[in-house]
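Student: Next come the chains, spelled out residue by residue.
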Amino acid sequence: MEITKKDVELSGKLAKMQVTGQEADIYKEQLEALFKWVDELKAVNTDGVELTQTAHSAHMRHDEPKQDPALARTLISAFNEEQDDCAKVKKVL
Amino acid sequence: MMTVSEILNDILSGKRTAEDVTRACLDKIKELNPQINAFVEVWEDDALKQAQAVDAKKARGEKLGPLAGVPVAIKDNILYKGHKATCCSKMLENYVAPYNSTVVEKLLAADAVIIGRANMDEFAMGSSNQTSVYGPVRNPMDLERVPGGSSGGSAAAVASGMVPVALGTDTGGSVRQPAGFCGVVGMKPGYGRISRYGIIAFASSADQVGVLTHTVADCAKVLEVLSGKDPNDSTSLDAPVPEYEKLFTDGLKGVRVGMPKGFLDGLNPVIKEKIEAAAKTLQAKGAELVEVDVPYAKYSAPCYYIITSAEASSNLGRYDGIRYGYAAKNAKGLNDYYELSRAPFGLEVKKRIIIGTYALTSERYEECFLKAMKVRELIREDFKKAFEKVDVILTPTSPTTAFKLGAHEENPLALYLADLYTCQGNIGGLGGISVPCGKDEQGLPIGVQFYAPILKEEAALNVAYNFEKGL
Numbered sequence: 001m002e003i004t005k006k007d008v009e010l011s012g013k014l015a016k017m018q019v020t021g022q023e024a025d026i027y028k029e030q031l032e033a034l035f036k037w038v039d040e041l042k043a044v045n046t047d048g049v050e051l052t053q054t055a056h057s058a059h060m061r062h063d064e065p066k067q068d069p070a071l072a073r074t075l076i077s078a079f080n081e082e083q084d085d086c087a088k089v090k091k092v093l
Numbered sequence: 001m002m003t004v005s006e007i008l009n010d011i012l013s014g015k016r017t018a019e020d021v022t023r024a025c026l027d028k029i030k031e032l033n034p035q036i037n038a039f040v041e042v043w044e045d046d047a048l049k050q051a052q053a054v055d056a057k058k059a060r061g062e063k064l065g066p067l068a069g070v071p072v073a074i075k076d077n078i079l080y081k082g083h084k085a086t087c088c089s090k091m092l093e094n095y096v097a098p099y100n101s102t103v104v105e106k107l108l109a110a111d112a113v114i115i116g117r118a119n120m121d122e123f124a125m126g127s128s129n130q131t132s133v134y135g136p137v138r139n140p141m142d143l144e145r146v147p148g149g150s151s152g153g154s155a156a157a158v159a160s161g162m163v164p165v166a167l168g169t170d171t172g173g174s175v176r177q178p179a180g181f182c183g184v185v186g187m188k189p190g191y192g193r194i195s196r197y198g199i200i201a202f203a204s205s206a207d208q209v210g211v212l213t214h215t216v217a218d219c220a221k222v223l224e225v226l227s228g229k230d231p232n233d234s235t236s237l238d239a240p241v242p243e244y245e246k247l248f249t250d251g252l253k254g255v256r257v258g259m260p261k262g263f264l265d266g267l268n269p270v271i272k273e274k275i276e277a278a279a280k281t282l283q284a285k286g287a288e289l290v291e292v293d294v295p296y297a298k299y300s301a302p303c304y305y306i307i308t309s310a311e312a313s314s315n316l317g318r319y320d321g322i323r324y325g326y327a328a329k330n331a332k333g334l335n336d337y338y339e340l341s342r343a344p345f346g347l348e349v350k351k352r353i354i355i356g357t358y359a360l361t362s363e364r365y366e367e368c369f370l371k372a373m374k375v376r377e378l379i380r381e382d383f384k385k386a387f388e389k390v391d392v393i394l395t396p397t398s399p400t401t402a403f404k405l406g407a408h409e410e411n412p413l414a415l416y417l418a419d420l421y422t423c424q425g426n427i428g429g430l431g432g433i434s435v436p437c438g439k440d441e442q443g444l445p446i447g448v449q450f451y452a453p454i455l456k457e458e459a460a461l462n463v464a465y466n467f468e469k470g471l
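So the sequence lines, in the order shown, correspond to chains Z and W.
In this text, residue positions in the first sequence follow our numbering: the first is 1, and each later residue adds one.
In this text, residue positions in the second sequence follow our numbering: the first is 1, and each later residue adds one.
Think of the hints as simulated: they come from the structure by calculation, not from any bench.
Among the hints, a few may not be true.
Okay, derived cross-link-like pairs now, DSSO-like style, lysine-lysine, Cα gap no bigger than 30 Å in a straight line [said to hold, decoys possible]:
{"no.": "1", "chain 1": "W", "residue 1": "LYS90", "chain 2": "Z", "residue 2": "LYS16"}
{"no.": "2", "chain 1": "Z", "residue 1": "LYS6", "chain 2": "W", "residue 2": "LYS329"}
{"no.": "3", "chain 1": "W", "residue 1": "LYS332", "chain 2": "Z", "residue 2": "LYS90"}
{"no.": "4", "chain 1": "W", "residue 1": "LYS84", "chain 2": "W", "residue 2": "LYS229"}
{"no.": "5", "chain 1": "W", "residue 1": "LYS350", "chain 2": "Z", "residue 2": "LYS90"}
Taking CB as the label site, the calculated pair distances span [as the list claims (entries may be wrong)]:
{"no.": "6", "chain 1": "W", "residue 1": "PRO98", "chain 2": "Z", "residue 2": "GLU40", "range": "35 to 45 Å"}
{"no.": "7", "chain 1": "Z", "residue 1": "LYS90", "chain 2": "W", "residue 2": "GLU363", "range": "29 to 39 Å"}
{"no.": "8", "chain 1": "Z", "residue 1": "LYS91", "chain 2": "W", "residue 2": "GLY443", "range": "53 to 63 Å"}
{"no.": "9", "chain 1": "W", "residue 1": "GLY317", "chain 2": "Z", "residue 2": "LYS91", "range": "19 to 29 Å"}
{"no.": "10", "chain 1": "Z", "residue 1": "LYS90", "chain 2": "W", "residue 2": "GLU388", "range": "56 to 66 Å"}
{"no.": "11", "chain 1": "W", "residue 1": "LYS253", "chain 2": "Z", "residue 2": "GLN67", "range": "47 to 57 Å"}
{"no.": "12", "chain 1": "W", "residue 1": "GLU144", "chain 2": "Z", "residue 2": "GLU2", "range": "30 to 40 Å"}
{"no.": "13", "chain 1": "W", "residue 1": "LEU471", "chain 2": "Z", "residue 2": "LEU75", "range": "41 to 51 Å"}
{"no.": "14", "chain 1": "W", "residue 1": "LEU471", "chain 2": "Z", "residue 2": "VAL89", "range": "50 to 60 Å"}
{"no.": "15", "chain 1": "Z", "residue 1": "PHE79", "chain 2": "W", "residue 2": "ASN411", "range": "36 to 46 Å"}
{"no.": "16", "chain 1": "Z", "residue 1": "LEU75", "chain 2": "W", "residue 2": "LYS329", "range": "16 to 26 Å"}
{"no.": "17", "chain 1": "Z", "residue 1": "MET1", "chain 2": "W", "residue 2": "LYS90", "range": "26 to 36 Å"}
Footprint (simulated), chain Z over chain W, 3 or more residues, beta carbon under 8 Å [stated by the list, open to error]:
{"no.": "18", "region": "340-349"}
{"no.": "19", "region": "374-386"}
{"no.": "20", "region": "412-419"}
For glycine and all other residues, C-beta sits at the position ideal for the given N, C-alpha and C.
So here's chain W without its partners, still in its complex pose (with noise of 0.2 Å):
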């Protein structure tokens, strides 16, 4: 396991070249890519001409970017010039990008090295990684279980050394939940910290992309890098970016931690004594524990359900074989010309769209989206007072640890709950982050929760690194 600043010490230094550091990184990707399925594609090629243009920068005497040779990898719906995109859907099966996403921009421009497009819930619709196109990731720690979702691929590739950076996106908690499922640290900032120009839409009122590292100091230099205003995305922030490592402190005197009340009833109780413990550990380090009432957020995942399911059979209306996606051939007319070139979504992404379509009908419209968009304004307003009293707020990242691959077949709302704690982030527009707390029973990871108003994603890291550095 190499981490970020550990590959730029060496790179600096001149222990390792960037190509090494590439080639060890392909080299693993070889050997346990087959069995975990969190690549769907690697730009061998690409990835070994961008690390040899970094030792040539460095050969001249240039300064290097603040990613000089750090490998990562992007989920599969973030445009990558020239390369492929498919939000691991059929429908997207031939997409090529005809321009690079502001973030891969970013990371171009730090002197990252892209390596190749990670595996995902199709079109990022799902918390376990198993409705991908290219089929389920596994997670590492367990080849039995998954890996989470949607960014599985992103997790899995982190989490099993292939990487030490992936970007992932999050519209409900598709970064922090597959985190928590494979013991690595994963962070969705607010919304409109970075910008999603390029970024495949799902759901546009909560979408946000999120990084996967594996420890906290990574994860900060990273999000400095990405985040910013952006031109090209009117919902991105125009606001200063902090140098997010600077801020780290010795300690959290002073820092006043949130724990809401009635979140650990009823929560398995392995995870309940973790989260517990992770909260000890920050009092250790000076933190005072303080308890909120949020009491409108039990209602955030029936929400989340509702309006992303209704941004998305609006976004998705795009896929008409006209615009993109597949084309049908031998169409009887303009109707069955739309009907046969959006079959290829597959029935999770049918399903949300029906979902979304149904609450926008002028029958159901004011009793389902409508009072689903009211009360995502009470749960804003339950954080907004919360955060008047405390710096972040401490939650579990998931119900559970990874479950069993093929486990909830039967019952999709049993999958819809993994994003329980995650998705109120999203209907509240608040940055979040997950670090491993621990291990259950079975050696699985346990992820914490820090959650931080917009524009303080400094809150949550700080106290991630500190908890990070008590463990």
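Only chain Z is shown next, with the shape it has when bound in the complex (with noise of 0.2 Å):
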């Protein structure tokens, strides 16, 4: 699988980081290692091999959600400054 320079930049993008040029050829070598390491998956037959869940089965919850006053009190605190019971934030725009 070739990986180009632009893909590692791309990708860098879409997962809104910031990667210098060099940090992009860097990352483009080891890549192209790696994923010449997954093609290696390319040889084993999956037709029909279907998908679970988790390593045990399918687990769903079933408990409810849990209202818990003091610990969002906490969390609340734990901000420099609140509002209307909430913890408010700086602004970043």
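The two chains are supplied separately, each in an independent frame; assemble them into the complex guided by the hints.
Tutor: Structure follows, in structure tokens:
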């Protein structure tokens, strides 16, 4: 599987990370080596293989969402500011 | 070196107090940690208060918990309320846990003494403990060598005698591989045996909490305390927890030990010799050796790196400067804010996120991620069939012994191969325990690993216990 520097930069962008030109060169080389290894999987016949959800089986939660006012208060009070019983975070825009 | 059993005997008999034991560990940490760097923070005051509380409880004649006064180190990705948990990353350098993980709750309920947080590879991504923001951990057996990883601090803390128990986490071998490199016992139970509530996630379909100790009996004691269903973790299994030590047998008559076909081909001759000798020891204890075929297991490592990187790219999306992590200053817009806030990730973490993101792109999803997931099913099926014929499966823990610090810098794929025999357990959801089985020509420890199916940890523990006794 051929990996280009552009693939690395695009993946960095999708992951919302800055990737410098130098980093992209390093990652490209390392990803190429890794994906050559991953190419071995192509030789495996997986026709008709169905996926399960977890290592043992699919588990659905039977519990209900918990209301824990004390925990909510602890979390809110961990912030510098609060307003209307909510944590106030600084503007990002 | 103190074992859990010796500490419990001393405290219960009054030979030593919990405070004596804790102070002895704190002194050892002061003496050795500057060279080894196993601990990134020691909670001396808290630990002494906990130890004094255990002594007071004993003085009042109250029943003590099963780990009364036993000092424990926890890996730096396990939440302990009011204490830092940083994943040894700059990204979380000021993160203080707002609640206790279930494993910490269970340790405290068992009257254990939590002594500090152990060094690790950043976000548990690594096999050598060289990617920590706090610097590398050194192997107590040879300070020029790595302790393995990612729970390298936990393994080194136990191996050097700083603590008798440490908790780690294991996503591809991160408890068992460092246990093997440092010459201690390390166990990752099957998927779902121990709650992961309050563990900072790396790859959710593979992450498990594990235990590092000096002896198999100690490991069994701690595993029993930590195991069980937790309503806060829907992936934890609702099954009774056995009293593991009571299930230990004297000898292995009737126990079938699987020897996977081809697993030792091309292996380092010294390690191969020790693994074959381990099999003979089990045979001498009455076990029957049975060849098993797990043909797809050889694909575990590439599957592991695709699946766990994809899961990591999703799990680590939360470090965006708003929900968690570093908050950038002077950003020029939202995208700029995200990018600047995610800059503190180290090179290895960034690389894994990029691998995972790439494998999940619409162009590569089917041939990479979906393919790896399907091959994973075949690997699981392989092990399921093998366990119809045997009780445990024996493998080496690692293909090499501890390597020098800085080795493989130019070839990270060689580092990824360190997980060759251990990541099979995470891909298959199996329980696995690594036990020391000898040393190489340089005196470096070698580990042998025993796998058991999910919820059959007692089988692996019993074989490991008999093996340890037979050495």
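Student: Look at each hint and say if it fits the structure.
Tutor: Hint check:
A distance of roughly 17 Å separates the Cα atoms of LYS90 of chain W and LYS16 of chain Z; the hinted pair therefore holds under the 30 Å criterion. A threshold of 30 Å between alpha carbons decides the hint, and for LYS6 of chain Z with LYS329 of chain W the separation of about 28 Å falls inside it, so the pair holds. Simply put, LYS332 of chain W and LYS90 of chain Z have alpha-carbon atoms about 15 Å apart, close enough for the 30 Å limit, and the pair holds. For the proposed pair LYS84 of chain W and LYS229 of chain W, the alpha carbon gap of about 26 Å is at most 30 Å, so the pair holds.
Under the criterion of a C-alpha separation no larger than 30 Å, the hint pairing LYS350 of chain W with LYS90 of chain Z is consistent with the structure, at around 26 Å. At about 44 Å, the beta-carbon gap between PRO98 of chain W and GLU40 of chain Z stays in the expected band of 35 to 45 Å. In this structure the supplied range 29 to 39 Å holds for LYS90 of chain Z paired with GLU363 of chain W, their Cβ-Cβ distance being about 38 Å. Evaluation of the 53 to 63 Å hint for LYS91 of chain Z and GLY443 of chain W yields a pass: the beta carbon distance comes to about 59 Å.
Separated by about 21 Å at the C-beta atoms, GLY317 of chain W and LYS91 of chain Z satisfy the suggested range of 19 to 29 Å. The hint said 56 to 66 Å for the Cβ distance between LYS90 of chain Z and GLU388 of chain W, and at roughly 59 Å that hint holds. For the hinted restraint 47 to 57 Å between LYS253 of chain W and GLN67 of chain Z, the CB-CB distance of approximately 55 Å keeps it satisfied. At about 39 Å, the CB distance of GLU144 of chain W to GLU2 of chain Z agrees with the hint of 30 to 40 Å.
One distance hint, 41 to 51 Å for the beta-carbon pair LEU471 of chain W and LEU75 of chain Z, holds here, with the actual separation near 50 Å. Restraint check, LEU471 of chain W to VAL89 of chain Z: a C-beta distance of roughly 57 Å satisfies the suggested window 50 to 60 Å. Between PHE79 of chain Z and ASN411 of chain W the beta carbon distance is about 45 Å. The supplied range of 36 to 46 Å therefore holds. Between LEU75 of chain Z and LYS329 of chain W the C-beta distance comes to about 24 Å, which sits within the given range of 16 to 26 Å.
Against the hinted window of 26 to 36 Å, the Cβ-Cβ separation of MET1 of chain Z and LYS90 of chain W comes to about 32 Å, which satisfies the hint. For the region 340-349 of chain W, the stated coverage by chain Z holds: 5 residues have a C-beta nearer than 8 Å to a C-beta of that chain, and at least 3 were required. Given a C-beta distance limit of less than 8 Å, the hint that chain Z covers the region 374-386 of chain W holds, as 5 residues qualify and 3 suffice. Counting residues of the region 412-419 of chain W whose CB lies closer than 8 Å to any CB of chain Z gives 3, so the stated coverage by that chain holds, three being the minimum.
The structure agrees with every numbered hint stated previously.
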